[in-house]
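From first to last, the protein sequence lines are chains A and B.
The first sequence begins at 1 in the numbering used here and counts up by one.
The second sequence begins at 323 in the numbering used here and counts up by one.
Because the hints were derived from the structure by calculation, they are not lab data.
Owing to the predicted nature of the structure, the values given are computational and were not obtained by experimental measurement.
Treat the hints with care, as some may be off.
[To be verified] Facing chain A, according to a computed beta carbon distance under 10 Å, are these residues of chain B, among others:
| hint | residue |
| --- | --- |
| 1 | V373 |
| 2 | A384 |
| 3 | E415 |
| 4 | C416 |
| 5 | L479 |
| 6 | E481 |
| 7 | A486 |
| 8 | K489 |
| 9 | K501 |
| 10 | H502 |
| 11 | F527 |
[Said to hold, decoys possible] Rough simulated footprint, nothing fancy, chain B against chain A, three-plus residues with beta-carbon under 8 Å:
| hint | segment |
| --- | --- |
| 12 | 42-52 |
| 13 | 57-71 |
| 14 | 249-259 |
The beta-carbon is built from N, C-alpha and C at its ideal position, and this holds for glycine as well.
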Amino acid sequence: MKCELAQEQIALIVYGELPDDKVHLLEQHLAECESCRRELEAVQGLYKAMSLLPVEEPSANLIARTRLRLEEALDSMPHGSWLLRLSQKFSQGLGHMRAAPVAASVLLVLGVGIGGYAGFREGRHIHDSDQAKLIMQSAAKTGGVTAQIANVSSIVQEPNTDNVEVSYNRLVPETIHGSLDDPQIRQLLLLGAQNRINPDVRDDSVGLLANECRAGHQCTDGPIRNALMVALRYDRSPNVRLKALEGLQPYIGDDMRVRDAVLETLMNDKDATVRTQAIGLLEPVEADSSVRQVLNTVALQDDNPQIRTVSRQVLDQMPQIQ
Amino acid sequence: MSVDALRLRIPATSGLQSSQRMPSQARDRASENELIREAQAGSRTAFDTLVRQYDQAVLRLALHLTGSEQDAQDVHQEAFLKAYRYLGNFRFECSFYTWIYRIVTNLCLDHLRRRKARREDQAVMIDSSGEEMDLLSNVSDDRAGANPDRELQRKFLGERIREALDKLTPRERMVFELKHYQGLKLRTIGEMLNTTEETAKNTLFRATRKLRMNLAELR
Numbered sequence: 001m002k003c004e005l006a007q008e009q010i011a012l013i014v015y016g017e018l019p020d021d022k023v024h025l026l027e028q029h030l031a032e033c034e035s036c037r038r039e040l041e042a043v044q045g046l047y048k049a050m051s052l053l054p055v056e057e058p059s060a061n062l063i064a065r066t067r068l069r070l071e072e073a074l075d076s077m078p079h080g081s082w083l084l085r086l087s088q089k090f091s092q093g094l095g096h097m098r099a100a101p102v103a104a105s106v107l108l109v110l111g112v113g114i115g116g117y118a119g120f121r122e123g124r125h126i127h128d129s130d131q132a133k134l135i136m137q138s139a140a141k142t143g144g145v146t147a148q149i150a151n152v153s154s155i156v157q158e159p160n161t162d163n164v165e166v167s168y169n170r171l172v173p174e175t176i177h178g179s180l181d182d183p184q185i186r187q188l189l190l191l192g193a194q195n196r197i198n199p200d201v202r203d204d205s206v207g208l209l210a211n212e213c214r215a216g217h218q219c220t221d222g223p224i225r226n227a228l229m230v231a232l233r234y235d236r237s238p239n240v241r242l243k244a245l246e247g248l249q250p251y252i253g254d255d256m257r258v259r260d261a262v263l264e265t266l267m268n269d270k271d272a273t274v275r276t277q278a279i280g281l282l283e284p285v286e287a288d289s290s291v292r293q294v295l296n297t298v299a300l301q302d303d304n305p306q307i308r309t310v311s312r313q314v315l316d317q318m319p320q321i322q
Numbered sequence: 323m324s325v326d327a328l329r330l331r332i333p334a335t336s337g338l339q340s341s342q343r344m345p346s347q348a349r350d351r352a353s354e355n356e357l358i359r360e361a362q363a364g365s366r367t368a369f370d371t372l373v374r375q376y377d378q379a380v381l382r383l384a385l386h387l388t389g390s391e392q393d394a395q396d397v398h399q400e401a402f403l404k405a406y407r408y409l410g411n412f413r414f415e416c417s418f419y420t421w422i423y424r425i426v427t428n429l430c431l432d433h434l435r436r437r438k439a440r441r442e443d444q445a446v447m448i449d450s451s452g453e454e455m456d457l458l459s460n461v462s463d464d465r466a467g468a469n470p471d472r473e474l475q476r477k478f479l480g481e482r483i484r485e486a487l488d489k490l491t492p493r494e495r496m497v498f499e500l501k502h503y504q505g506l507k508l509r510t511i512g513e514m515l516n517t518t519e520e521t522a523k524n525t526l527f528r529a530t531r532k533l534r535m536n537l538a539e540l541r
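Chain A extracted, bound-state conformation:
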């Protein structure tokens, strides 16, 4: 073995990257070559010397700060990423153009098929439309409004009144006008709270339902409270979750399920404002053990130092509240 090759392998053996068969050859060479043995010692010395610059673990504080910064940056870019993903999908689609001839014939067959079917449906639709209108009207009168509704598209409240205008899609888009206390309107607001496409509609629906609850307008029934709890737990928009939280405020004392939902939010919600608001809501609750326990956990483990401090303060005040 030449010394030049041996020296390259010495750097590898020190880092455990030399295959076993080559280790054997290198050992033989080292046994007879003084200068390469010195080289090995020098490289081992370098290894030890370099280890004097320790690899430090990032502190918990730094990790928390960095995560928070990233989350804020991610929150501010959801739209861009969606568009980007769409454009990527499009460009990937272009990449598949090699299959264009097959795709073209498939499209042709599909087009003919869809055309034929659409003509058939259109004919039937014209024939049945009068009858359909009658069915829809009667369904609306009997409160079977949900069965005909595709989704809720917008909600506008008239200023200083109890009235709202809810637009929703049936087979054709429609608009309904009425008081917030109207069961049909409420039904639509509940549907709006589940609108997965338009966050503004969810925001409006949950906001109005929450206001009704806080004002004590017939909110004792289950569905509205449930809808608020579902929004609090699962809605992707922090704004909607905040509104749901506000709406649940009056029931936190009496309803264990509401209290559990708020505690869960305090433990798990990603948004610091929502968590802070949750602490505020828990304050008046007489110190039940689960509230204490959660506050304790949050005071110790929350990523956000402010939330930790506030939970600690609330905990400290609890004996006086009792």
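Got chain A sorted already, so can you dock chain B onto it with the hints?
Same frame as chain A, now just chain B:
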């Protein structure tokens, strides 16, 4: 020459730690792929979970490479924003670990290049200590820092080492960092840097050569 001394390969200091921290592949690969698919479909929660699996290791690497919390935070943020933006392009052809590290190492290389350019502009001579010190033989194995003199000396040595590292090319620095300090296999390093294992080996060899020269200059 005692063959035993040769066989005693020095374990990479942080290799074990980092492999423990990275998800143990066989067990977690399936659930990780599931997470990636959910994140590709637009789930922020799934993406956040992915971030939390890797961000500590990314931060540790960036912190050691840049030596600055601020720079490390910048690299971390830019890396995961990029990952979020281009997650749709991830095709499961390599592991997610390699993919995310490819992004991180590219950003770190950019950072090192910019820093090197700034340094050369300033044309500052750094190695002006003039102190007599044999770095390569003066290292003892006990790391207990009871003696303040020794602690001070260690700190001084640490600075000298950083200076020696700064004289490497960004690529040499990166390979050395990933091998020596992060304990990765050269094959993985090759994949991350879009090159072959052979090139990574040569780069490591060049880096160790240069480091010895740079440290010897400081004697």
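Violated hints - listed by number, lowest first: Hints 3, 4, 8, 14 are the ones this structure does not satisfy, whereas the remaining hints hold.
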